[in-house]
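First residue of the sequence shown? That's 1 in the UniProt record's numbering, and the numbers climb one at a time after it.
Honestly, the hints are just simulated from the structure, not real lab data.
Accuracy of the hints is not assured; some may be wrong.
[As the list claims (entries may be wrong)] Below 27 Å or equal to it, Euclidean Cα-Cα: the simulated DSSO-like pairs (lysine-lysine) are:
| hint | residue 1 | residue 2 |
| --- | --- | --- |
| 1 | K298 | K358 |
| 2 | K417 | K397 |
| 3 | K401 | K99 |
| 4 | K358 | K164 |
| 5 | K57 | K401 |
| 6 | K39 | K101 |
| 7 | K101 | K343 |
| 8 | K467 | K164 |
| 9 | K285 | K340 |
| 10 | K397 | K467 |
| 11 | K397 | K101 |
| 12 | K57 | K118 |
| 13 | K343 | K401 |
| 14 | K343 | K60 |
| 15 | K57 | K41 |
| 16 | K118 | K467 |
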Amino acid sequence: MLTIRRAVLRTPTLASTTALRAATPLATRSFSSSTVLDKEKLVILGSGWAGYNTARKVDKDHYDVTVVSPNNYFSFTPFLASTCVGTLEFRAATEAVRKLKHVNYAQGWADKIDLSNKVVHVAPSLPPYEDPHQTSPHDKNYTSGAEILPEYTPSDAYHVPYDKLIIATGSRSQSFGTPGVMENANFLKDVREARAIRHRLLQCLEMAYEPSLSEQERRDILKFCIVGGGPTGVEFAAELHDFVHEDVRKRFPDIADKIEIRLFDVAPGILMSFDVALREYAEKKYARDGIKIMPNSKISKVDRHALYLDSGERYPFGLLVWSTGVQANEFVNSLQTLQKDDKTHSITVNEHLQVIDKNSGTVVPNVWATGDNCTPTTGRLPATAQVAAQMATYMSKSLNKLAQGTPVTDLAAFKWKNRGSMVFIGDEKAMVDRSGSSTFRGRVAGFMAWIMWRSYYMSLALSPRNKILVPVYWALAWCFGRDIVNF
1 MLTIRRAVLR TPTLASTTAL RAATPLATRS FSSSTVLDKE KLVILGSGWA GYNTARKVDK
61 DHYDVTVVSP NNYFSFTPFL ASTCVGTLEF RAATEAVRKL KHVNYAQGWA DKIDLSNKVV
121 HVAPSLPPYE DPHQTSPHDK NYTSGAEILP EYTPSDAYHV PYDKLIIATG SRSQSFGTPG
181 VMENANFLKD VREARAIRHR LLQCLEMAYE PSLSEQERRD ILKFCIVGGG PTGVEFAAEL
241 HDFVHEDVRK RFPDIADKIE IRLFDVAPGI LMSFDVALRE YAEKKYARDG IKIMPNSKIS
301 KVDRHALYLD SGERYPFGLL VWSTGVQANE FVNSLQTLQK DDKTHSITVN EHLQVIDKNS
361 GTVVPNVWAT GDNCTPTTGR LPATAQVAAQ MATYMSKSLN KLAQGTPVTD LAAFKWKNRG
421 SMVFIGDEKA MVDRSGSSTF RGRVAGFMAW IMWRSYYMSL ALSPRNKILV PVYWALAWCF
481 GRDIVNF
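Construct the entire structure; sequences and hints are all you get.
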């Protein structure tokens with residue numbers, strides 16, 4: 001039996017979030033679903049890009065599908081930076097798991113996986129009933145990235161049987177063990193984290209008007225630092241810049257000129273995965289915009305009010321957003337009997353995305369891993385939504401063929417197709433890099449790339465509701481400005 005453990009404190013940084021509880025003797029209550037006896041039970045751990053899309057696309061005529069996740073939604077990550085400043089609202093960046101047709105949902109944390117008996121033990125993630133007049137999550141230290149979960153009794157737990165299991169628990173933000181990051185930085189991998197960033201950002205703007213602050217304190221609280229020069233950090237810097245210049249100047253005119261945006265990265269520049277010409281284009285634009293790029297900057301520690309470089313320099317901040325890549329989450333770390341990648345520590349999978357037993361080196365039957373929490377033996381892949389979505393498509397097609405009697409060995413191997421990268425850089429400009437694409441190659445920058453960026457991601461919005469909401473919110477922000485109400 002595999003025992004999956006987690007700490008009492010959870011940091012909300014898991015991409016598709018199936019997390020961990022301390023192992024205890026569990027009750028044997030079964031999860032109730034509309035199970036049809038002639039269908040195989042397919043259990044999917046996680047509701048991120050890989051898990052949600054597999055549940056959406058797999059043939060429900062052949063499988064009784066259950067998604068296990070503490071989040072009853074899917075986060076559309078390309079829109080998270082926009083929600084941080086009000087260009088889009090949070091609802092436009094989420095999809096409800098329960099709206100998937102013929103899919104059961106169990107809200108909880110995976111606690112144990114019994115591979116022998118093909119059962120997942122689940123501990124509930126919902127807190128006990130509390131006073132409905134309690135304070136908001138922001139007042140419970142949520143903005144620091146730490147949420148205290150209540151303890152549960154063994155009788156609260158239940159088990160979910162499966163015939164086939166997909167581990168799609170995603171990853172967590174990479175802090176590289178830097179002291180103070182988990183306690184004092186905000187991350188940007190989930191809509192809850194975007195909500196916390198927006199709350200803190202507006203809080204800083206209002207606090208800057210406090211008459212008791214000195215001029216230096218006022219300037220310090222208006223310093224916004226971003227660590228990580230990848231697409232997430234760059235897009236957040238762009239959204240923040242647009243928010244300051246288009247909305248803060250109108251609504252907070254006395255402090256707008258005091259705002260400072262800094263973008264730190266340990267690399268010699270930003271967007272190192274992009275074409276050199278595009279990187280230079282972005283860096284020149286940010287220089288014109290007043291966004292200060294800090295290359296070759298290694299953070300030694302972070303405290304409540306400032307970050308410190310190895311060189312000894314201190315940079316105060318009112319808001320710190322940390323986006324330096326991902327690492328294996330505690331769920332994956334606890335799977336000791338499964339083979340792991342030496343570098344990423346994620347689950348090793350074969351060409352069919354099947355997990356591999358660590359001791360025997362053979363495939364574990366009827367168990368797959370997809371998304372950020374796996375690494376194919378054929379080669380490491382970027383931890384991106386594009387890869388996870390392609391794995392979900394492959395996985396759903398493979399499961400459908402298996403249900404029709406096709407042997408696993410006859411299935412085509414998973415092959416990632418690089419469709420290029422896109423990034424928003426502010427002021428109705430973006431960059432599209434297809435120089436490494438598996439198909440059409442090329443690169444575009446500027447307004448036309450921005451049109452392509454918006455059109456592409458609007459087309460990816462999964463539900464008809466969000467296909468309407470996204471352009472409506474864009475239009476509202478353009479006509480009336482972004483919402484600055486903080487609640």
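Evaluation of the provided hints:
1. The hinted pair formed by K298 and K358 fails the criterion: a straight-line CA distance of about 35 Å is larger than 27 Å.
2. Between the alpha carbons of K417 and K397 the distance comes to roughly 16 Å, so the proposed pair stays at or under 27 Å and holds.
3. For the given pair, K401 sits about 25 Å from K99 by alpha-carbon distance, which is consistent with the 27 Å threshold.
4. Between K358 and K164, the direct Cα distance comes to roughly 20 Å. Compliance with the 27 Å bound is thereby established for this hinted pair.
5. Restraint check: the Cα-Cα separation between K57 and K401 comes to about 13 Å, which is no more than 27 Å; the hinted pair holds.
6. In summary, the hint linking K39 to K101 is supported, as the alpha carbons are separated by about 16 Å, within the 27 Å threshold.
7. Proposed proximity of K101 and K343 is contradicted: the alpha carbons are some 38 Å apart, above 27 Å.
8. Of the pairs offered as hints, the one joining K467 and K164 is violated, with about 33 Å between alpha carbons and a cut-off of 27 Å exceeded.
9. The suggested pairing of K285 with K340 is violated, with an alpha-carbon distance near 41 Å, which exceeds 27 Å.
10. Using a Cα cut-off of 27 Å, the hinted pair K397 and K467 holds, with the two alpha carbons roughly 25 Å apart.
11. At most 27 Å may separate the alpha-carbon atoms for a hinted pair to count; K397 and K101 meet this at roughly 18 Å.
12. For the suggested pair K57 and K118, the alpha carbons sit about 23 Å apart, so the restraint of at most 27 Å is met.
13. Restraint check: the Cα-Cα separation between K343 and K401 comes to about 33 Å, which exceeds 27 Å; the hinted pair is violated.
14. Using a Cα cut-off of 27 Å, the hinted pair K343 and K60 is violated, with the two alpha carbons roughly 37 Å apart.
15. A hinted pair counts as satisfied when its Cα atoms are at most 27 Å apart, and K57 with K41 qualifies at roughly 15 Å.
16. Restraint check: the Cα-Cα separation between K118 and K467 comes to about 39 Å, which exceeds 27 Å; the hinted pair is violated.
Checked against the numbered hints above, the structure violates hints 1, 7, 8, 9, 13, 14, 16; every other hint is satisfied.
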